[in-house]
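Chemist: Here the sequence shown stands for residues 2 to 108, numbered as in our numbering.
Note that these hints are calculated values from the structure, not bench results. Take these hints with a grain of salt, some might be off.
Claimed, not checked - Straight line, CA to CA, 25 Å or less: simulated DSS-like cross-link-like pairs of lysine-lysine:
| no. | residue 1 | residue 2 |
| --- | --- | --- |
| 1 | Lys10 | Lys93 |
| 2 | Lys10 | Lys47 |
| 3 | Lys58 | Lys47 |
| 4 | Lys82 | Lys47 |
Unchecked claim - What follows is a list of derived Cβ distance ranges for each label pair:
| no. | residue 1 | residue 2 | range |
| --- | --- | --- | --- |
| 5 | Lys51 | Leu8 | 37 to 43 Å |
| 6 | Asp61 | Glu20 | 45 to 51 Å |
| 7 | Arg18 | Lys82 | 43 to 49 Å |
| 8 | Gln16 | Val65 | 56 to 62 Å |
| 9 | Ala37 | Ala12 | 17 to 23 Å |
| 10 | Ser13 | Val60 | 39 to 45 Å |
| 11 | Met29 | Gly7 | 28 to 34 Å |
| 12 | Leu5 | Thr30 | 38 to 44 Å |
C-beta: ideal position from N, C-alpha, C; glycine also.
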Amino acid sequence: MKNLAGLMKQASQMQSRMEEVQNTLNAMTVEGAAGAGLVTVTLSGKGDMKKLHIDPKLVDPNEVEMLQDLVIAAFADARTKVEAANAEEMRKVTGGIDLPAGLKFPF
């Protein structure tokens with residue numbers, strides 16, 4: 002029973018640490034860019050788009066399709082950075098143990 006009590010204590014500590022990490026991730030922002038910085042996107046740690054900047058010289062009616070592609074590329078760049086930051090923070094919590102493929106945190 003002594004081992005079970007220790008295991009329960011560790012699980013409780015891990016849960017507390019995971020809540021701290023979730024709060025940290027929620028407060029974090031990450032910026033992605035495309036077109037040499039002509040388009041930038043800022044995402045929250047949860048991957049929500051918070052800000053979009055498009056350089057005014059890009060706004061040409063003949064270039065709408067390029068502008069749309071750049072926005073998509075900037076968002077993808079920022080999202081990739083958020084996912085990498087999330088994975089790194091979770092590795093810190095789990096002591097380097099990778100979580101199973103279907104198990105994603107934060108919830």
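Chemist: Has the hinted range 45 to 51 Å been met by the Cβ atoms of Asp61 and Glu20?
Modeler: 48 Å, holds
Chemist: For the hint 56 to 62 Å, verify it against the beta carbon of Gln16 and that of Val65.
Modeler: 48 Å, violated
Chemist: Can the restraint linking Lys10 and Lys47 be considered satisfied, given a maximum Cα separation of 25 Å?
Modeler: 28 Å, violated
Chemist: Does the Cβ-Cβ separation between Met29 and Gly7 fall within 28 to 34 Å?
Modeler: 33 Å, holds
Chemist: Tell me if the straight-line CA distance from Lys10 to Lys93 falls inside 25 Å.
Modeler: 18 Å, holds
Chemist: Between the alpha carbons of Lys82 and Lys47, is the straight-line distance 25 Å or under?
Modeler: 11 Å, holds
Chemist: Do the Cβ positions of Lys51 and Leu8 conform to the proposed distance bound of 37 to 43 Å?
Modeler: For Leu8 against Lys51, whose Cβ atoms are near 40 Å apart, the range 37 to 43 Å holds.
Chemist: With 17 to 23 Å as the target window, see if Ala37 and Ala12 comply at their CB atoms.
Modeler: 48 Å, violated
Chemist: Do the Cβ positions of Leu5 and Thr30 conform to the proposed distance bound of 38 to 44 Å?
Modeler: 41 Å, holds
Chemist: Using the beta carbons of Ser13 and Val60, state whether their distance is inside 39 to 45 Å or not.
Modeler: Cβ of Ser13 to Cβ of Val60: about 54 Å, so the range 39 to 45 Å is violated.
Chemist: Verify the CB-CB distance for Arg18 and Lys82 against the hinted window 43 to 49 Å.
Modeler: Between Arg18 and Lys82, where Cβ atoms are some 23 Å apart, the hint is violated.
Chemist: Holds or violated: are the alpha carbons of Lys58 and Lys47 at most 25 Å from each other?
Modeler: Not OK: Lys58 and Lys47 at ~31 Å, beyond 25 Å, violated.
Hint compliance for this structure: hints 2, 3, 7, 8, 9 and 10 are not met, and every other hint is.
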